[in-house]
Structures are given as structure tokens and as C-alpha cells.
Amino acid sequence: MNAASPREQRALHGADTAAAAARLWRAGLKQGEAGRWREAALAFARAARLAPGDALYWTNLAHAQRHRGALTRAVASARRALAIDAVDPTALRIAGDCLQRLRRYEAAAACFGALEAAGIQDAEMMVQHGAVLLSLLRPGEAAEVLLRALPLKPDAPMGHALLSDACRDQGRKREAVECMRTVLALRPGDLQTLARMSFEKRNLLDWQELDADLAQLRELLRGPQPEPGRIGAVFAMLSLPLEPELLLTAARSEARFMGSGSQPLPAVPVPVPPPQRRTRLGWLSYDFRDHAVSQLLVEVLEHIDRERFELFLYSTGPDDGSTLRARLEACEHFVDLRGTSDEQAAARIRADGVDVLVDLMGHTRGNRMAILAQRPAPVQVGFLGYPGSSGADYIDYFIGDPLTTPLELAPHFSEKLAQMPLCFQPNGRWRPLPQPMSRAAAGLPEDAFVMCAFNHTYKILPPAFDIWCAVMREVPRAVLWLKETNDQLRDTVLAAARARGVEPARIVFARNVRYDEHFSRLAQADVFVDTWPYNAHTTAADALWAGVPVITVYGNGFASRVAASALNAVGLAELAFADPEDYHRAILALALEPALLAAYRQHLDGQRMALPLFDPARHAGDLQALLQRMVERWRAGQEPDHLLAD
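The numbering used here puts the sequence shown at residues 1 to 646.
Source of the hints: derived by calculation from the structure; they are not laboratory data.
All residues carry an ideal CB built from backbone N, CA and C; glycine is no exception.
It cannot be assumed that every hint is accurate.
[What the hints assert, rightly or not] Label pairs and their in silico Cβ distance ranges:
#: 1; residue 1: L136; residue 2: V335; range: 19 to 27 Å
#: 2; residue 1: N486; residue 2: P271; range: 50 to 58 Å
#: 3; residue 1: A83; residue 2: L29; range: 35 to 43 Å
#: 4; residue 1: V268; residue 2: E106; range: 28 to 36 Å
Generate coordinates for the entire structure from the input sequences, incorporating the hints supplied.
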């Protein structure tokens with residue numbers, strides 16, 4: 001028999017290699033079926049090395065790597081498959097899913113878009129695409145994708161829930177509510193959906209089902225919760241008159257869910273002796289942009305003592321290119337964590353050696369609780385962004401003050417209370433000073449007693465609105481000044497006023513104006529009338545800066561005590577009341593006693609720059625001292641405990 005030619009030998013070797021790759025692939029499939037994904041990944045990797053031109057092996061390797069949580073490697077393997085077959089649907093799905101979980105949303109959207117462009121109509125994939133587009137703040141595109149997905153699977157609750165989010169983000173609140181009604185029909189008794197639907201109805205001042213919603217929420221919150229239980233929409237419940245223990249139940253459940261897939265990093269050893277370096281303060285936020293949290297915080301950060309403290313700002317949200325963003329980026333170390341997984345972000349924070357990590361988000365949009373669940377810092381603190389307990393056992397302290405977080409409220413917090421000596425809320429002097437303006441220019445009657453209620457509409461509940469209308473019936477020249485809204489909501493407000501004996505002409509709507517003009521216009525109000533149980537927070541400080549006295553009702557939760565704390569910090573604690581009837585009488589007193597109103601206004605206008613509420617240097621000193629106390633307890637080997645103001 002003649003010997004095989006070199007070409008034949010190469011063919012035989014190629015056949016052997018292909019057969020070996022196929023055997024490894026089949027072995028990998030068996031390992032995967034048994035749930036042994038590490039062994040499966042090894043087998044698929046060897047197959048891919050033997051036959052690198054076969055997309056199937058790379059796709060299966062990506063699948064196994066995804067199961068192991070190696071998301072970055074899975075994306076790389078999927079891309080090797082896509083380099084061979086650009087429309088491999090499985091590789092595109094795996095890449096899109098992993099990129100979404102890595103929070104690389106633009107790349108994920110491109111993968112899902114390529115699947116649709118290839119004519120693949122898969123409802124689950126399209127719903128995932130919609131979620132990614134919402135994360136990119138592109139609600140219009142998200143709605144289009146979801147409206148194509150839902151006819152394919154009309155009984156998909158997540159699709160309807162995401163469509164509700166897309167409608168909400170476009171200002172289509174009634175449509176958002178109807179989408180949530182569909183979710184409830186598919187998932188009766190779903191607490192998350194019920195809470196969010198109630199929130200959006202309140203945004204529309206639709207109170208018809210408020211009592212029924214409250215009763216059902218109470219029943220669900222008092223019932224058994226799964227472990228870990230996702231409740232979600234915790235923020236939406238803060239503006240309802242729910243008992244503090246029920247709000248804590250909701251927060252705990254959500255915090256457990258958010259941290260359930262996270263493994264804590266090894267504990268940071270207590271340094272002995274303490275390091276001869278500055279204390280490292282980390283600040284974690286989605287809102288390092290032109291946002292209320294950053295507006296309040298930036299001047300305080302700029303006043304932190306840099307000889308004693310080193311600042312690390314960790315941004316997980318968008319860069320809006322604003323001047324405020326530039327100021328934040330100048331605060332020593334600014335780290336953009338967009339496009340990083342929770343594990344990568346936690347590893348970066350740990351590598352930076354942060355002593356205290358301050359979470360500025362809590363249960364708000366864009367939060368990254370899973371980073372905190374890994375314990376990247378030895379001391380972790382909730383502050384400013386979320387007005388209530390996180391419910392997380394991986395957050396040690398909650399920063400308040402003697403009014404917002406008195407020790408008797410400690411049972412309603414999972415964290416230990418850390419009190420600033422005066423108002424917890426940082427307020428610098430960044431707001432524009434009011435300039436002369438006529439009431440006519442502000443759209444107000446010249447001789448009216450103007451009650452300003454510029455809170456978000458979801459905070460307005462019938463007890464407050466009833467009192468405002470009562471004042472207008474009792475004081476013929478009184479008007480109620482609300483933020484401008486759409487025609488639907490305007491009609492709802494006017495109908496609610498008419499039902500309470502108030503003519504529509506007594507309700508004035510403020511149009512949207514430039515930020516600097518807003519404060520000159522705001523100064524034309526006589527009094528800012530607050531809401532409860534969710535007070536004005538930044539909005540109350542805006543009014544006080546503009547020289548407008550605030551009248552508030554405080555309750556037994558943090559969110560319902562912030563305006564009282566701000567009033568205390570400007571020397572007007574007597575304008576905060578426990579009883580709504582006293583609130584009512586105080587508004588009438590200012591309406592009927594011009595000298596009293598003038599005295600309050602003179603106090604605010606004349607002492608603006610001397611008021612502690614607006615002193616960023618004082619606030620920075622108090623805040624850094626409080627954070628240092630936390631670090632010193634940890635370095636002394638002590639567990640977190642309540643840190644009360646002197």
C-alpha cells in the first residue's frame with residue numbers, strides 16, 4: 001500500500017482534530033446538563049481551541065461562562081462566535097444578556113437590535129431590549145420595542161410593567177397606570193405593582209382608590225414575605241400614611257433582594273497602629289450631575305478639610321456635561337463606574353482603601369445596592385439621597401439629626417443613627433439670589449395672599465388639600481400656587497377644588513422658567529404650605545432661601561420631619577406642627593396678620609447668609625467629624641452604635 005500524501009496526511013489530521021473537538025463539545029454538553037459548568041467551560045474551551053473557526057464551540061463556551069458568572073469572558077467568547085457568524089442568534093442573546101448585567105447598556109442594545117434586524121421575533125428578548133433602552137433613558141424607543149413584543153406574549157407581566165415605566169418616563173401617566181392595572185390582572189396582589197400604581201395615581205391627584213390601596217398595601221406588608229422578597233417601589237410608599245414598621249418591612253425585603261446574589265469581600269483588617277494617612281471618604285451616587293442631591297452636596301464637598309480627608313467620588317450615572325458635574329469631577333478622585341459590574345465596582349472601591357463609603361442613593365432610581373452588599377468598605381453609611389431606612393444589614397449608619405432621627409425612632413431603622421448637630425441636609429449658598437420682580441410678571445394677583453405648594457403632586461394628599469381649600473374659603477384674597485402641569489392634571493386639580501367649594505380662578509399654575517428666574521418668582525409667595533407625610537426637602541430649603549416662610553406638619557418618619565429640621569436651622573422652629581389643625585391656624589394667622597408675615601420674611605431675607613442652614617463650611621465640618629467618629633469606632637474594634645449629637 002502506498003503511503004499517504006502530505007495533503008492526505010493533513011486531511012486525516014484535520015479530521016482527527018475536528019473529531020476531537022466534537023468529542024469535547026459533546027462532553028461539555030453532558031457536564032452542562034449535570035450543572036457542572038466549570039467542567040463544561042473547560043471542555044468547550046478546548047473544543048474552541050481545536051476548531052477556532054466553528055462558531056458553535058464559542059457560543060457554547062459563552063453559555064457556560066455566563067452560567068459561571070464570568071460575564072466579561074462570556075461576552076468575549078460570544079464575540080468570537082459573532083466574528084464567524086454575525087447573526088448567530090444564540091451568541092447575540094448571550095452577549096446582550098451579559099452586557100446588560102455588566103451595565104454596558106449601549107452594547108447590549110446593539111446586540112438586541114441586531115436580533116430584531118435579523119427578523120428574530122422573540123418576546124422575551126424584546127422585553128429585555130426594552131429594559132436596556134429604559135436604562136439608557138430612551139423611553140420612546142423602549143415603548144416601541146415593548147409594543148412589538150407584547151402581541152407575541154400578551155400575558156407577560158414584565159413587558160407590561162416595563163411599558164408602564166416607559167409611559168411614565170414620557171409623562172404619559174394615565175397610560176402608565178393602565179399598564180399597571182394589566183400587570184395586577186396578571187399577578188393579583190403584586191405589592192410592587194400596587195405601590196407603583198398608587199404612586200402614579202397620586203401623581204395625577206387621583207385619590208378615588210387611595211383608601212382601598214392603603215388597606216391592601218397594609219394587608220400585603222403584614223403578610224408573609226418570601227426570602228429574599230422583592231417588594232420594590234419602596235420609594236413610592238414613603239409618601240403614603242403607612243406605619244413606619246411597614247415601611248421598614250418593605251425596605252428590608254428590597255435590600256435582601258438587591259444583595260441576594262452578592263458575596264461579601266473578606267473583612268478589612270483593623271489597622272494597628274492606625275495608618276498615617278488621610279481618612280478616605282467614598283461617595284457613591286447615580287446622581288453626580290445637575291440633580292438635587294449634587295446641588296445640595298457639592299459646596300459641602302468643596303469645604304471638606306483636604307489635609308485630613310481624601311475624597312473618592314464613585315459615579316454610576318450619566319454624565320450630563322453640566323458645570324455642576326465639572327465641579328464634582330474636580331473633587332480629588334472622581335471614578336466613573338458606568339459599564340462596570342457590581343463585583344468590579346466593589347473591587348475598585350476596596351482597592352482604593354476607602355474607610356467610609358457613603359451611599360447617596362438608597363432605594364432610588366439607579367441604585368447599586370449590590371455593590372454595598374459586598375462590603376467594599378469597613379464602614380458604610382446612608383445619607384441624603386433616600387429619606388428613610390435602607391433596611392440593609394450591610395449599611396451601618398444612617399445620617400440624620402436630632403429632629404429627623406431622634407433616638408425614639410431607632411426601631412424604624414435597620415442602621416444605627418448618626419446625628420448631625422443641626423440639620424442633616426447640606427445647603428450651600430449656590431442658589432441665585434432673588435431679584436426684584438412684580439407679581440404680575442410671576443402670573444399672580446397683586447393683592448392676593450399666595451400659598452405656594454411647589455411639592456411634587458404625588459406628595460399632595462387630601463388632608464393637606466382640604467386645609468388649603470378651607471383657607472381659600474376663609475380668606476377671600478387667598479390663592480393656591482401650584483407647579484405647572486399637563487391639561488389632564490390641571491382639570492383634575494380644578495375639579496378637586498370645585499368639589500371643596502373653591503372656584504378654579506383661585507388656583508394659579510406656575511409655568512416652567514429658568515432656574516435663576518425661579519427664585520425671583522418664588523419670592524413673590526407669602527407662605528410655602530408643606531405636605532405630609534412626605535415633606536418638602538430641597539423645595540423647602542429653596543423657599544427659605546427665597547425669603548418665604550414654610551409651614552409644615554411633622555410625623556413619625558424621617559421623610560415627614562425634614563422641613564421641621566430645616567425650619568429649626570433658620571430659627572423658625574415654631575412653624576412646624578404635630579397637629580394639622582395647628583398648621584391650618586398658622587396659615588390663617590399669616591394671612592390675617594400682615595405684620596407677623598413681614599417679621600418672618602424680614603428674618604429670612606435679612607439674615608440669609610448668616611443662617612446655619614446655608615453655611616456649607618459649618619456643615620462640612622460637622623459632617624467630616626461625624627464620619628471620623630465612625631472610623632474611630634471601627635479602628636477601636638467596636639461595633640457600630642448610635643452616634644448622637646452633643
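Quick rundown of the hints versus the structure:
no. : hint                    : result
1   : L136 / V335: 19 to 27 Å : 21 Å, holds
2   : N486 / P271: 50 to 58 Å : 57 Å, holds
3   : A83 / L29: 35 to 43 Å   : 23 Å, violated
4   : V268 / E106: 28 to 36 Å : 34 Å, holds
Against the hints set out earlier in the document, a violation occurs for number 3 only.
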